[in-house]
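Undergrad: Chain by chain, the residues run as shown.
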Amino acid sequence: MGFFVDATTAVFAVGPLLAMFGATLLGVLIGALPGLNPVMAIALLLPLTYSMEPLVALAMVAGIYNGSMYGGAIPAILLRIPGTPASIATTFDGFPMAERGEAAKALKVACWSSAIGGIASAVALMTMGPLLARVTLFFGPAEYFWIAMFGMASVGVMVGSDAVKGILAATLGLLIGTMGIDSLSGQPRFTFGQTWLLGGPDLIVVLVGLYALPPVLQLAEKCDLRGLSSAQLRLESVPFAKGELRGFVPTWLRSSFIGIGVGILPGAGGNIAAFLSYNAARNASDEPETFGKGNPQGVAAAECGNNADNAASMIPALSLGIPGNVVAALVLSALTIHGLQPGPQLFHQNPVLVGGFMVEMLLTSVLILLVGGVTATRMFAQIQRLPGVLLVPSILVLMCVGVYVINGRPIDLWVMLLAGLAGYVLEKVNIPLAPIILGMILGPMAEQSVRRALLISRGDPTELLTRPLSAVLAFATLGMIVWPMLKLLRGKRKL
Amino acid sequence: MTLKATLFGATALTILAGAALAEYPERAIELTIPAGAGGGTDTSARKLALLLEEKLGQSIAVLNINGGGGSVGTSQFIQSKPDGYSLFATWNSPLTTVPQVQQVAYDIDSFTPIASTSETAYTLCVKQDFPASTGEEFLAELAANPGKYTYGNDGIGGTMQLAAERIFQARDIQAVAIPFGGAGETLQNFLGGHVDVYGGSISPVLPYVETKEAKCLLVTSAADVSALPEASGLAAVGLGDEETLLWRAILGPKGMDQAIVDKLAATIDEAVNDASYVEFLASKGEIPNVVKGDALRTRLQNEYDALAKVSKALGLGQ
Amino acid sequence: MEKRQDLLTGLIFTGLGLAAAWMARSYSGAGGTYPMVLGLALAIFGGVIALRSVRAKVNAVRPLSEAPRNLFLATVVATGYIALVMPLGFFTASVLLMLVMPVVLGFRQPVYLVLMALVFMALVWVVFSAVLEKPLPPEFWSTLWREA
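Chains as they are written, first to last, in this note's numbering: chain A, 1 to 495; chain B, 496 to 813; chain C, 814 to 961.
Isolated chain A, as found in the complex (with noise of 0.2 Å):
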């Protein structure tokens, strides 16, 4: 652990120091703006890093990705849209907690989780790193497809009271996640000839215009010339009441473990880990039916797993070379770029530099803290001062910026465009939104994952079932499925 002290000590310089601050806080000004995201912000801002001395460079990563993963939570609690695909999870308690007039403390309690997260997520970085990146070695095909089924198991919490309508959007995700170029034919499939769509259409631009633009139409109608005073914004500090922070542990020990569980796994990421975080919480609750109603539970694990997932990303790539996610494919790029070479000899190449970058994913969680809450409450819940009228626009434009410098594509503004009227009138005809992200998320990853599994097997779909670690994944698919059934039944009899 010597070289930790050495890492500690080149963090503790002017340099990493005041990168790390104005990075975190930065990330969280671009997590809490609809439309710009942290992998976007990451790819733009690294090229301006590569003349930069290394620990600079990765303080500057380190404070955008933690701080980018809060400050999602904030217009997901004022505005219910999510900052980033990973704070879906934070709107369904976040924003009634808003409704109700518990804004402040909705923040303040993603703040802290959001720390927390972090900070276990980068503990685990720092002291079992190498240890959980052989683990992931043994996800083949096959259990990565369980991986996929796990999430689409928690589409159950997201439903809403409708189950059919649920599960028709998931469908519909799974669907719109077939688009494109099947991977492992080579076929296009509903791409109507056009060239742009062979990707697929692009899930932040899908995500942007089908989250986003609901709530800014709703803004309009709503028609505010005049915006919330100050009296009304009821932004004073509430404090924890006493026991309130304990109560709150099991939530956030469960979501780092599945926080850092989902990050550690190549291509699997903060998006799921929300949710299976949110779902976990819900199964353990005594009081399931009063998440999604503004439960500060919901909040707490939506946030501390999706920060979970963050410095977790990491272990893979710094200890094997392999990137799990494009911020982990940017820093290992940028790594590369300063003249090292990724995979297992990278720690012993440059401790310092390696071990630094962990001491920073650590430090700028911490930071969440002191920058986060205060950025929150002081800068951006000022927004809901401005008349909602001229919110509206504002927001527009910013989607329109954040979903053109993507890919420069003229055309992405209309998915945009269309993504968000038809999101709109799915809302209102009670189909929810949330599978269909989660359909096109996880829909890839399980077809592509079942297919090559059986490739391996040469078509033998009992392997799906015999691996070791198959069946245990397996069966805690099936175990997640049926165990809110169980407790309904078990409840019912109660009664």
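Each hint can be trusted.
Below are the BS3-like pairs computed for lysine-lysine, each with C-alpha atoms no more than 27 Å apart in a straight line:
(1) B:K643 - B:K622
(2) C:K870 - C:K816
(3) B:K749 - C:K947
(4) B:K643 - B:K707
(5) C:K947 - B:K758
(6) A:K428 - C:K870
(7) B:K749 - B:K576
(8) B:K576 - C:K947
(9) B:K576 - B:K787
(10) B:K576 - B:K550
(11) B:K710 - B:K622
(12) B:K550 - C:K947
(13) B:K787 - B:K804
(14) B:K576 - B:K542
(15) B:K643 - B:K710
(16) B:K550 - B:K758
(17) A:K428 - C:K816
(18) C:K947 - B:K542
(19) A:K242 - A:K293
(20) B:K807 - B:K643
(21) A:K293 - A:K428
The hints are simulated quantities; they were obtained by calculation from the structure and are not laboratory data.
Here the structure is a predicted model, which means the values were calculated and not measured.
Add chains B and C to chain A, keeping to what the hints say.
TA: For chains B and C alone, kept in the frame of chain A given last:
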């Protein structure tokens, strides 16, 4: 007199060309990369862009457009203006392989070839306990057990798969192709023992050769690769004609001004041969390789024609 | 439950599902079976929703919009904005949107409006054009300028 006139004419031309050049580049250049951020092509291109920025005195904004094995970004790029401010950094697959399996709206004539930058081979690697220790033994083991071994590759109809199938076809080998999303995913499944053979670019697997976890027995270039001393080049196993390389190039849209193309090609040549870039390439198992202008067009066309034959024989073509 | 709405929703998804399944016919192997099954499933769920709405006894009112006029205006302006971003250029179109949208929705404080539009767009310009140098749709007058 005539000599004088010619000289005068030549000087005038140079000055004229110089005048057009003097202004270029006067604003930021956009560099489209038809692959996601953080991958092999992306990292090489971004590193090169840094050097080019320095030499051209203008900033270069990178735009990553992922999807369709590169065809999405490529199709979008050919619509940009040939004014020298839109450039394209690609590897060979979207231009020479992808059109064999996908209906695409571009061909080699949609581009102004500027210069290639680097090249490397694909490699086939196995775990340490695999019953072979040379390229020849490896191929013999595969041939003796048709359908027994699985090999991971970068995607169906991708250059890696074509490179491998060309070799397998020549030796009458049947191995099961498992397409993955990229070299990182292939590596993960290879290390975890889910597939028997790693097929992909050299740089991701290189650290595992050093730790003796993997042994790379074959490369898809005719010559040996110095980064992988254990591996045989195809010439060594008598398949020199079946060479398939992975190489990278910078192109522009059709109809660019020749003076700008020449200036860019010269600058790229300088940047690629910069000591820091050569060293960077070496760490990834790549070597600098600059082919400019029309020679590059011929190279693209020849590779396209050769791969068309292979994919037709494999039944991959349309 | 609004009967008419659900009937229409159900029928739309049935149609969508069947169309998808029809298109998936031409896709070979497992890569075709999967989307076909999904298409059929979508059609079935759509059918269930439509059928349920026909059988439902109660017909609770569920308006599609609370303020149809505002919704319509906002949608038209937003669509116009997206349509104008390419021809006019990003900043021109955005400033227009910032000025037009609030007025259309009934905002009547010109100074506040202009100030907000300018400050906000200046911020966007600083971040995306000055710092990040991201190419955004070019302004229509920038080429006129150069030609003149």
